[in-house]
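Mind docking chain G on chain L? Use the hints.
Below are the chains, spelled out letter by letter.
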Amino acid sequence: AQKVTQAQTEISVVEKEDVTLDCVYETRDTTYYLFWYKQPPSGELVFLIRRNSFDEQNEISGRYSWNFQKSTSSFNFTITASQVVDSAVYFCALSDDSGGSNYKLTFGKGTLLTVNP
Amino acid sequence: DTGVSQNPRHKITKRGQNVTFRCDPISEHNRLYWYRQTLGQGPEFLTYFQNEAQLEKSRLLSDRFSAERPKGSFSTLEIQRTEQGDSAMYLCASSPRTIISASPLHFGNGTRLTVT
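Chains as they are written, first to last, in the working numbering: chain L, 1 to 117; chain G, 1 to 116.
Isolated chain L, as found in the complex (with noise of 0.2 Å):
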């Protein structure tokens, strides 16, 4: 079974400061999709980036960052110099590969941040 763990349940910054959300995952699949998406109060997910199981390269883009390391299971997601706008509850989620149509997101508990002025 798939699973993804988001041990921060909480995190709490001033603005301006790097903050790094942590993701680790469970899948029997060799290859899989990883996903990072951020919900605000409003309540909409909003999709930020995609990562299948045979890439590894870091990623990105603007203030954020993505750190995928397959030796350790985990796909952290930085800030840096955060702002404000950033408070949300950050998401990571997990999908296989079933026949190419790999629908069900197995979503963490997520962590919400709030980035203080």
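Derived from the structure by calculation, the hints contain no laboratory data.
Just to be clear, a hint being listed does not mean it is correct.
Computed from the model, here is a short list of chain G residues facing chain L with C-beta under 8 Å [said to hold, decoys possible]:
id, residue
1, LEU39
2, GLY42
3, PRO70
4, GLY108
From chain G, some residues computed to sit far from chain L (all C-beta separations above 12 Å) [said to hold, decoys possible]:
id, residue
5, GLU28
6, GLU44
7, HIS106
Here a beta-carbon is modelled for each residue, glycine too, at the ideal position from N, C-alpha and C.
For chain G alone, kept in the frame of chain L given last:
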């Protein structure tokens, strides 16, 4: 706005009543999903449609739940004889047909159900 649209945003109902939610996906997306999210938890998969065909239902979807997607466009999720445990946010998502696996899901704002 061309995102996923869900109605209503909030629904309060008494235990035992039936409720129906609607989801309008992004127009060119042929895949539609329903997820449920309870407080402090991540979303959990309920069911999935490809066009009008319902291809999978989670064990979470009891026989009181039924989902439809007539003509492969909008979808409805009905809960019969609601129970307090049904209180949750019901999220709809859609994704396009693509040869690339794992298209990101585009989520709506959800319908928050409160059963009293």
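Each hint, compared with the structure:
1. For the restraint placing LEU39 (chain G) at the interface with chain L, the shortest Cβ-Cβ distance is roughly 11 Å, beyond the 8 Å limit, so the hint is violated.
2. Hint status for GLY42 (chain G): holds, given a least beta-carbon distance of 3 Å to chain L, under 8 Å.
3. A hinted interface residue such as PRO70 (chain G) counts as satisfied when its beta carbon comes closer than 8 Å to some beta carbon of chain L; here the least separation is about 20 Å, so the hint is violated.
4. The interface hint given for GLY108 (chain G) is met, as the beta carbon of that residue sits about 7 Å from the closest beta carbon of chain L, less than 8 Å.
5. With a minimum CB-CB distance of about 16 Å to chain L, GLU28 (chain G) clears the 12 Å threshold, and the non-interface call stands.
6. For GLU44 (chain G), the condition that its CB be more than 12 Å from all CB atoms of chain L is violated, with the nearest at approximately 7 Å.
7. Remark: the non-interface label on HIS106 (chain G) conflicts with the geometry, its nearest Cβ contact in chain L lying 7 Å away (cut-off 12 Å).
The structure does not agree with the numbered hints 1, 3, 6 and 7 stated previously, though it agrees with the rest.
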